[in-house]
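Number of protein chains: 2
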Amino acid sequence: MITTRTINLKSRPKGKPELADFDFSTSEITELQEGEVLLSSKYVSVDPYLRGRMSDTPSYIPPFELGKPLVSGVIAEVLETKAKNFNKGDFVSGMLQWKEKQVAKADGLVKVDPAAAPLSAYLGVLGMTGLTAYMGLMEIGKPKAGETLVVSGAAGAVGSIAGQIGKILGLRVVGIAGTDEKVEMLKSEFGFDEGINYKTTKNMTEALAKACPNGIDVYFDNVGGEISEAVLFNINKFSRTINCGSISIYNNTELPKSISVQPFLVRKSASMQGFIVFDYADKHPEGIKQLAAWLQQGKLHNTETIKEGFDAIPQAFLDLFEGKNTGKMVVKV
Amino acid sequence: MITTRTINLKSRPKGKPELADFDFSTSEITELQEGEVLLSSKYVSVDPYLRGRMSDTPSYIPPFELGKPLVSGVIAEVLETKAKNFNKGDFVSGMLQWKEKQVAKADGLVKVDPAAAPLSAYLGVLGMTGLTAYMGLMEIGKPKAGETLVVSGAAGAVGSIAGQIGKILGLRVVGIAGTDEKVEMLKSEFGFDEGINYKTTKNMTEALAKACPNGIDVYFDNVGGEISEAVLFNINKFSRTINCGSISIYNNTELPKSISVQPFLVRKSASMQGFIVFDYADKHPEGIKQLAAWLQQGKLHNTETIKEGFDAIPQAFLDLFEGKNTGKMVVKV
Chain C
1 MITTRTINLK SRPKGKPELA DFDFSTSEIT ELQEGEVLLS SKYVSVDPYL RGRMSDTPSY
61 IPPFELGKPL VSGVIAEVLE TKAKNFNKGD FVSGMLQWKE KQVAKADGLV KVDPAAAPLS
121 AYLGVLGMTG LTAYMGLMEI GKPKAGETLV VSGAAGAVGS IAGQIGKILG LRVVGIAGTD
181 EKVEMLKSEF GFDEGINYKT TKNMTEALAK ACPNGIDVYF DNVGGEISEA VLFNINKFSR
241 TINCGSISIY NNTELPKSIS VQPFLVRKSA SMQGFIVFDY ADKHPEGIKQ LAAWLQQGKL
301 HNTETIKEGF DAIPQAFLDL FEGKNTGKMV VKV
Chain X
1 MITTRTINLK SRPKGKPELA DFDFSTSEIT ELQEGEVLLS SKYVSVDPYL RGRMSDTPSY
61 IPPFELGKPL VSGVIAEVLE TKAKNFNKGD FVSGMLQWKE KQVAKADGLV KVDPAAAPLS
121 AYLGVLGMTG LTAYMGLMEI GKPKAGETLV VSGAAGAVGS IAGQIGKILG LRVVGIAGTD
181 EKVEMLKSEF GFDEGINYKT TKNMTEALAK ACPNGIDVYF DNVGGEISEA VLFNINKFSR
241 TINCGSISIY NNTELPKSIS VQPFLVRKSA SMQGFIVFDY ADKHPEGIKQ LAAWLQQGKL
301 HNTETIKEGF DAIPQAFLDL FEGKNTGKMV VKV
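For the record, the sequence lines run as chains C and X. Sequence positions in the first sequence follow this note's numbering and run 1 to 333. Sequence positions in the second sequence follow this note's numbering and run 1 to 333.
Everything labelled a hint here was simulated from the structure, so no lab data went into it. Computed from a predicted structure; not experimentally measured. Hints should not be assumed to be uniformly reliable.
For identical chains, the list gives no copy identity; a pair is met inside one copy or between any two copies.
[Claimed, not checked] Computed list of lysine to any residue pairs in SDA-like fashion (alpha-carbon distance at most 20 Å, straight line): (1) Lys307 to Gly287; (2) Lys144 to Asp279; (3) Lys257 to Phe233; (4) Lys257 to Glu229; (5) Lys210 to His284; (6) Lys167 to Gly146; (7) Lys237 to Thr57; (8) Lys144 to Ala312; (9) Lys257 to Thr205; (10) Lys237 to Tyr280; (11) Lys82 to Ala106; (12) Lys42 to Thr3; (13) Lys105 to Glu80; (14) Lys237 to Gly52; (15) Lys237 to Glu139; (16) Lys144 to Gly287; (17) Lys142 to Tyr280; (18) Lys14 to Asp319; (19) Lys187 to Asn85; (20) Lys82 to Glu36; (21) Lys237 to Asp56; (22) Lys42 to Gly108; (23) Lys324 to Glu304.
Okay, chain C solo, but in the shape it has when bound:
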């Protein structure tokens, strides 16, 4: 009899999530059916968007159910198999439950090659994270060499990749992050032209004007809120804003208010466009191919913050909202 530990949603957070919103349970593993595999979790992805699924507001994916396991991107090893094409010892990537072990349908799992890249990279630059940065920047940002790209949440998982792609494509790239260490890393490790620490900068509008002497053409927005207000004052005619996330206001309990964007958009013939990575599913293979090539050529760095142990998953998730990660936050089970 195989048992597993599971992390469940105990309560819907009011405002900022807490450890008490999660609980752990132990249960038996059900027997393998045809087309299923038994998996052992190796790396679990924690992502800001999961906050949305913890509330019961309708969104692009249904909310998590109370008392049921949370789900995110997971890299796992196949322990047993009753599915064609999957062998014991294979590594797979999929949207899986927060469990040490689990039985899953083989459909929807993708094999990953531990020889081609570190396993955790398949949650980062070679996974949804990398694709989110790539699809948002390419499909909505439509970047042109010589333009100026601003990235908020720039030291985070998606932001650090979006900014690096901007550099590869020949843009001036300015990143916004929340510590001096992160700002330094943006420049030294990711090749950004400039970085701004929003926590120590009094006037973000002026700081952006200084860092972007030719104005802002493309804004990769991971945060929303006040930082995005300051960007508005610096956008160029025909600027494109990629609305990837709004981490700064995910935990608000009231609807947040901001300076009205409409007059800025009209004055500058500017656009804002939200998206999720699945909107461009038909282009994912092309995206992964390009990201893997850049990774192999050393043009793209996969930076991670790795926490250790299954029990660390909830805290790792909470840490996202404190900006404690640099690059992709994953938990090694």
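Once you have looked at the hints, place chain X on chain C.
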């Protein structure tokens, strides 16, 4: 010696413009030079966007100068000519000063045919107004038959045309306006499916949900502010908002705040795009051709509010912000 009266910008409005922000002067007409024509104004267009040019905030067109004439779309008759291709008695359309008579360069003037349509229509459905509705809806809204279009400022110059085009293209069209008479006219004259009087409706979010049972796919936004907030709660996945203007907040003296749009855009993979009609200048001939065809076929109605007399121009402009116009507001000089 020919003299003319002129309307000048006396002071930059603080908040809502007043008659005292304008003054009248009388001056001599300068002598015609080669390539110039002497014009007599027949119809003067007053438009909400002129409010922006009365402030000295940088925008897509430079601000009006203090003590200098205001400028807008004008239909005029050629009284004298030293320009090839322009004859005495021709009617022209151009961006001209608020003067009874004026000398103007012939470049930039377009001849209009009083036999093909009433002269004032060249400021309305066959002018910048019609083109603004057409370009915004077609290029940004990308409407598809069966979708739902919501138009704010629906009884106004641009809104009434945008909504009618929506009906021609087979969309469900819901208009928002500020009196019961306007709402009635949206349905009876312009063929809208539903109309909402925002001044007498307590809960706009619910009213929109009721009027748009399949959600909102395209939003032609002329007003910004609270009405546009209510729209956000009803947008569909992949909805497109056309940011044409923000008349509800043009007169604000402080930067207006609204519910943050970012989370809505992310959740719905939705877009907002500002524009001005000149962004699509290469497509204007095609647009005018289509608008003229619809007008001729009786599919499109050119509705106007016409004020009489040169002296009435400033008050006609102020009336725009009270919603006193239905359709295009013009002054017959």
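Now for the hints, and whether the structure bears them out:
Proximity of Lys307 to Gly287 under the C-alpha cut-off of 20 Å is found in neither arrangement, the shortest distances being 28 Å within a copy and 59 Å between copies. Taking identical chains as interchangeable, the C-alpha atoms of Lys144 and Asp279 lie at most 20 Å apart only when they sit on different chains, with a minimum of 19 Å there against 22 Å within one chain. Both within a single protomer and between protomers do Lys257 and Phe233 lie at most 20 Å apart by alpha-carbon distance, with minima of 17 Å and 14 Å respectively. Both within a single protomer and between protomers do Lys257 and Glu229 lie at most 20 Å apart by alpha-carbon distance, with minima of 11 Å and 11 Å respectively.
Taking the closest pair of Cα atoms, Lys210 and His284 never come within 20 Å of each other, the shortest separation being 36 Å inside a single copy and 38 Å across copies. For the homomeric pair Lys167 and Gly146, the shortest alpha-carbon distance inside one copy (10 Å) is at most 20 Å, but the shortest distance between copies (42 Å) is not. Taking the shortest Cα distances, Lys237 and Thr57 sit within 20 Å of each other only across copies (15 Å), while inside one copy they are farther apart (35 Å). With identical chains, the CA atoms of Lys144 and Ala312 are never at most 20 Å apart, being 41 Å at best within one copy and 49 Å at best between copies.
In this assembly of identical chains, Lys257 and Thr205 lie within 20 Å of each other by CA distance both inside one copy and across copies; the values are 18 Å within and 17 Å between. Within a single copy, Lys237 and Tyr280 get their C-alpha atoms only as close as 26 Å, which misses the 20 Å cut-off; across copies the closest is 14 Å, which meets it. For the homomeric pair Lys82 and Ala106, the shortest alpha-carbon distance inside one copy (9 Å) is at most 20 Å, but the shortest distance between copies (81 Å) is not. In this homomeric assembly, Lys42 and Thr3 come within 20 Å of each other (Cα to Cα) only inside a single copy, at 17 Å, whereas the closest approach across copies is 87 Å.
Taking the closest pair of Cα atoms, Lys105 and Glu80 come within 20 Å of each other only inside a single copy of the chain (12 Å); across copies the shortest separation is 84 Å, beyond that limit. Taking the shortest alpha-carbon separations for Lys237 and Gly52, only the inter-copy value of 16 Å comes in at or below 20 Å, while the best intra-copy value is 33 Å. Proximity of Lys237 to Glu139 under the C-alpha cut-off of 20 Å is found in both arrangements, the shortest distances being 19 Å within a copy and 17 Å between copies. Taking the shortest alpha-carbon separations for Lys144 and Gly287, only the intra-copy value of 18 Å comes in at or below 20 Å, while the best inter-copy value is 29 Å.
Within a single copy, Lys142 and Tyr280 get their C-alpha atoms as close as 14 Å, and across copies as close as 19 Å, so both meet the 20 Å cut-off. For the homomeric pair Lys14 and Asp319, the shortest alpha-carbon distance inside one copy (17 Å) is at most 20 Å, but the shortest distance between copies (47 Å) is not. Taking the shortest alpha-carbon separations for Lys187 and Asn85, neither the intra-copy value of 44 Å nor the inter-copy value of 61 Å comes in at or below 20 Å. For a Cα distance limit of 20 Å, the shortest separation of Lys82 from Glu36 inside one copy, 5 Å, qualifies, whereas the shortest one across copies, 86 Å, does not.
When the C-alpha separation of Lys237 and Asp56 is checked against a cutoff of 20 Å, the pair qualifies only between copies, where the shortest distance is 18 Å, while the shortest distance within a copy is 38 Å. Taking the shortest Cα distances, Lys42 and Gly108 sit within 20 Å of each other inside one copy (17 Å), while across copies they are farther apart (69 Å). In this homomeric assembly, Lys324 and Glu304 come within 20 Å of each other (Cα to Cα) only inside a single copy, at 11 Å, whereas the closest approach across copies is 60 Å.
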